[in-house]
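Number of protein chains: 4
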Amino acid sequence: MRGNDNTAVLLMHCPDRPGILAVVTEFINQHKGNILYLDQYVNREEGMFFMRVKWQLDEFEIPKDKIAEYFETLIANRFKITFRLYFSHSKPRMAIFVSKMPHCLYDLLARYAAGEWHVEIPIIISNHPDMEEVANRFGIEYHCIPITKENKAEQEAKQLALLKKHKITFCVLARYMQVLSAEFITNYPDRIINIHHSFLPAFAGAKPYHAAHERGVKVIGATSHYVTSDLDAGPIIEQDVTRISHKDTVEELIKKGRDLEKIVLSHAVEKHIERKILAYKNRTVVFQ
Amino acid sequence: MRGNDNTAVLLMHCPDRPGILAVVTEFINQHKGNILYLDQYVNREEGMFFMRVKWQLDEFEIPKDKIAEYFETLIANRFKITFRLYFSHSKPRMAIFVSKMPHCLYDLLARYAAGEWHVEIPIIISNHPDMEEVANRFGIEYHCIPITKENKAEQEAKQLALLKKHKITFCVLARYMQVLSAEFITNYPDRIINIHHSFLPAFAGAKPYHAAHERGVKVIGATSHYVTSDLDAGPIIEQDVTRISHKDTVEELIKKGRDLEKIVLSHAVEKHIERKILAYKNRTVVFQ
Amino acid sequence: MRGNDNTAVLLMHCPDRPGILAVVTEFINQHKGNILYLDQYVNREEGMFFMRVKWQLDEFEIPKDKIAEYFETLIANRFKITFRLYFSHSKPRMAIFVSKMPHCLYDLLARYAAGEWHVEIPIIISNHPDMEEVANRFGIEYHCIPITKENKAEQEAKQLALLKKHKITFCVLARYMQVLSAEFITNYPDRIINIHHSFLPAFAGAKPYHAAHERGVKVIGATSHYVTSDLDAGPIIEQDVTRISHKDTVEELIKKGRDLEKIVLSHAVEKHIERKILAYKNRTVVFQ
Amino acid sequence: MRGNDNTAVLLMHCPDRPGILAVVTEFINQHKGNILYLDQYVNREEGMFFMRVKWQLDEFEIPKDKIAEYFETLIANRFKITFRLYFSHSKPRMAIFVSKMPHCLYDLLARYAAGEWHVEIPIIISNHPDMEEVANRFGIEYHCIPITKENKAEQEAKQLALLKKHKITFCVLARYMQVLSAEFITNYPDRIINIHHSFLPAFAGAKPYHAAHERGVKVIGATSHYVTSDLDAGPIIEQDVTRISHKDTVEELIKKGRDLEKIVLSHAVEKHIERKILAYKNRTVVFQ
Chain A
1 MRGNDNTAVL LMHCPDRPGI LAVVTEFINQ HKGNILYLDQ YVNREEGMFF
51 MRVKWQLDEF EIPKDKIAEY FETLIANRFK ITFRLYFSHS KPRMAIFVSK
101 MPHCLYDLLA RYAAGEWHVE IPIIISNHPD MEEVANRFGI EYHCIPITKE
151 NKAEQEAKQL ALLKKHKITF CVLARYMQVL SAEFITNYPD RIINIHHSFL
201 PAFAGAKPYH AAHERGVKVI GATSHYVTSD LDAGPIIEQD VTRISHKDTV
251 EELIKKGRDL EKIVLSHAVE KHIERKILAY KNRTVVFQ
Chain B
1001 MRGNDNTAVL LMHCPDRPGI LAVVTEFINQ HKGNILYLDQ YVNREEGMFF
1051 MRVKWQLDEF EIPKDKIAEY FETLIANRFK ITFRLYFSHS KPRMAIFVSK
1101 MPHCLYDLLA RYAAGEWHVE IPIIISNHPD MEEVANRFGI EYHCIPITKE
1151 NKAEQEAKQL ALLKKHKITF CVLARYMQVL SAEFITNYPD RIINIHHSFL
1201 PAFAGAKPYH AAHERGVKVI GATSHYVTSD LDAGPIIEQD VTRISHKDTV
1251 EELIKKGRDL EKIVLSHAVE KHIERKILAY KNRTVVFQ
Chain C
2001 MRGNDNTAVL LMHCPDRPGI LAVVTEFINQ HKGNILYLDQ YVNREEGMFF
2051 MRVKWQLDEF EIPKDKIAEY FETLIANRFK ITFRLYFSHS KPRMAIFVSK
2101 MPHCLYDLLA RYAAGEWHVE IPIIISNHPD MEEVANRFGI EYHCIPITKE
2151 NKAEQEAKQL ALLKKHKITF CVLARYMQVL SAEFITNYPD RIINIHHSFL
2201 PAFAGAKPYH AAHERGVKVI GATSHYVTSD LDAGPIIEQD VTRISHKDTV
2251 EELIKKGRDL EKIVLSHAVE KHIERKILAY KNRTVVFQ
Chain D
3001 MRGNDNTAVL LMHCPDRPGI LAVVTEFINQ HKGNILYLDQ YVNREEGMFF
3051 MRVKWQLDEF EIPKDKIAEY FETLIANRFK ITFRLYFSHS KPRMAIFVSK
3101 MPHCLYDLLA RYAAGEWHVE IPIIISNHPD MEEVANRFGI EYHCIPITKE
3151 NKAEQEAKQL ALLKKHKITF CVLARYMQVL SAEFITNYPD RIINIHHSFL
3201 PAFAGAKPYH AAHERGVKVI GATSHYVTSD LDAGPIIEQD VTRISHKDTV
3251 EELIKKGRDL EKIVLSHAVE KHIERKILAY KNRTVVFQ
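Keeping their order, the protein sequence lines are chains A, B, C and D. All residue numbers for the first sequence refer to the numbering used here, where the first residue is 1 and numbers rise by one. All residue numbers for the second sequence refer to the numbering used here, where the first residue is 1001 and numbers rise by one. All residue numbers for the third sequence refer to the numbering used here, where the first residue is 2001 and numbers rise by one. All residue numbers for the fourth sequence refer to the numbering used here, where the first residue is 3001 and numbers rise by one.
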């Protein structure tokens, strides 16, 4: 989804019913929308239908600002469809939260600077001053907002004010070593992406590489997920692993893990930007 | 290590000290042993030295049945070495424990029948009659010993008698759905290999594929480990994973998992047969 | 697709056109077919639409033996659709060709014996007597038909007669070390599945593991593909790889490769049995 | 190997002979060198012994500038050992060559800026002006030296002069889309690391992603290798692959390939910096 596109993406789910796919595609086709991508999936155990459809708007007969209303009235109400509609002209705005480690931050910024993603990154927020130099290299505003037990509520209020001011639509925790309060999270439901340095649910919580080494696993992993008020337990977006051996020290796990973490996080962010993720009952449907 | 070889394998560990590697290799070289493979590893955090060395015995000047004694007296005592010595003429004898699922069993037996491994498999033990047909195809004795809460001690005694009668040196649990008693396990310390159908420590215990589906992971795994009295918590030998998506039902996870399980288990068994595994402090050193 | 199912699978492709998806699903829905799976894909470079749809026939109003005719008349002609229609009651019949290596053969037969696949395997054909014992274990007819340069045409005629007699619908070359003649292949277009022991197109032809070792690659692979008259150049169905190092000898590559080969081949065979593969312009569309 | 270390690394190979390992380790031990890492490997087909050993120099009795001479005289001559000796105080100096694509460049520079590697990167050389902005972000000299058929010899002379001036010890081609002349290469034998965007030897030469798409492979790869005068045929250091499907267009292969390329290249560079690679007969031994 690019700025010079003129497209819409519909993410939807509803109780499964014969013909639902045809009804939705016909809605687009008959009004001269040209379908570019369509991916659908039926969860038979739960009787739910999920779909992502992207179409060309150039000759679409319904004006952009009326599509949601028309779709709701003509289709969604009848089929009990829950949906979100996105337009290519509306660019997502992303804030990065980081602490002291640069590897994920660099990977995100390098893709951003290279123009790989249809996104704006107006600010980087940190609880430490260390990454300001990196932010400067890419010309992005850096806000150091240190957090202690005592000042947490107040500092999170500052963070939220910044996010509001910059019209941030989603947040990426690029190895941000602070737990967000439940209240903070309610502002961005399924809109905060975290990277955890283990293959969850193994080794949730602090120091997963130490725990992995102690347990003697032969594979380490990284997990990107949406943040919920349950620590490290939100809907998983992407995971990957790499092989290790008895020869690897904790330091070597940390080093090998960095490459996993940055790629897994960036892939999750990319899917989010491309509107390919639908979170449902603490799991994700990741469309192609 | 093959029957027509005439080789010895030494697995050892001891406190690390300069020159330990040279001392051991010199012991072999000066007595005309021809070193075929050597793999060593130093754990610096714990200050421990680990080594596997395999050598040709044809011109070795110390008689086979004296090697352990000489090595103990001349080297091991001085350097506080813990060691095991294996000879190619002594073929490991393996018992397979199985319940109702054939995939791991077939994979083990196919390799055995093809002569890939230097091992004897005289018996298959099960708590169900279902796999007898498979045992018959390969001409291997099958013992059905059903286990209930009430008869467990008595039935395990029967199993142990069979293992003793057949001079079994190690056991492989090829999806055997019974927990062995702590007492049973003491008979085969680091000599019982299990396959668990998850990437441990995630999803230990029963129904890991159901739990993985419920959690919405994007990767499933299998883990082979030595059995200890701590359920699913023994030293890990081998792990592998495969990617899944939201489209996979529990049944599809089970199907995809079968291929992981059988390959991971067979690789672990192979390393064990080749005397490449040294268990130490609930972890394994797997030599090359 | 199981024998106790009552389902149909439609594999189709045609020039892409708005509404094509709705037209086909409506054809099924309006005649009371219950769609179980649907996967579609548009190749935009070539302007082609591909789809696999599977539906429940229990209440379908068009009799089974008329579905193809009705679909052709009412839909396919109008949209220039090329299609194949399969029914769950018609079980595929598979012949295995093998030479001297048992690993792929065992993997296929273990799945077959375990009832994992909706397939019949009435015969195994070989140019050597070695694998007869394996065939006997599974109670399957074994035909040894040795091939030399001189007798090739005549021996292939015997093979074809056997295939015809046993109503074979597709063939699997499970490390069959003979090149089939172009004439033989024309009898089973996109119906002969081979496993090649390299990641094609690298190391086509003989002795790929030797060539891989010589070249010093760090990854080896296996490739399953449909056989065409162009050696090792037919449409690829499935590939996988494994890591190796400088320490691996050719023999170790051969050993590591066996596990790749058998899993890759069995996965390809499974997709074929489940009617999930559509070959188009020397590539495959593999539906989910 | 870090600047605040005081260590030596010996990379060596020689005809295999009993006791060679003990002789070399004894040379280090008896002169009070503390061995930190040792990895050895015997190629039995060729009868060659390879070893990397790293030791602490703090109490080593032979002065640094005499070690090579002593080792040569006392050991290497007798055992026909070919060796290289490296010291931690001597930091490798790396030049990056790049054309228009930033992904590998960013990955190298992010690791460099984060202080992950014991290396200096004084210059970036390109045949295009595009990447100057990236160089500026990291404060590294950028030299744009456009190359045409006509001016190649002369421009390469300029490049070599720059390398000499900056005392460059090895070069990294981070998607540099120019073939280096054989003459240029002779200046840096096994000292120029390239990334090729395919799993070599498949798809050598130009446009490998287009070729991979055309062939319909199910796996794409990337290969890092030392540059020789034979295009894309030098000793392979590292390879990795990722799965693709029929749905992936050439553009998507290019996108997925970028992550492979950058990680594979950076891993190869890291091994080189850590003196873990020994090139021998157009293959590499990569020590641990």
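What the hints contain is simulated information worked out from the structure, not anything from laboratory work. There's no promise every hint is true.
What the hints assert, rightly or not - Below, simulated DMTMM-like cross-link-like pairs (lysine to aspartate or glutamate); rule was C-alpha separation at most 25 Å, straight line: (1) A:271 with D:3251; (2) D:3100 with A:116; (3) B:1247 with A:16; (4) C:2100 with C:2026.
If you're wondering where the values come from, they're calculated on a predicted model, not measured in any experiment.
Going through the hints against the structure:
| no. | hint | verdict |
| --- | --- | --- |
| 1 | A:271 with D:3251 | holds, 16 Å |
| 2 | D:3100 with A:116 | holds, 14 Å |
| 3 | B:1247 with A:16 | holds, 15 Å |
| 4 | C:2100 with C:2026 | violated, 51 Å |
Hint compliance for this structure: hint 4 alone is broken.
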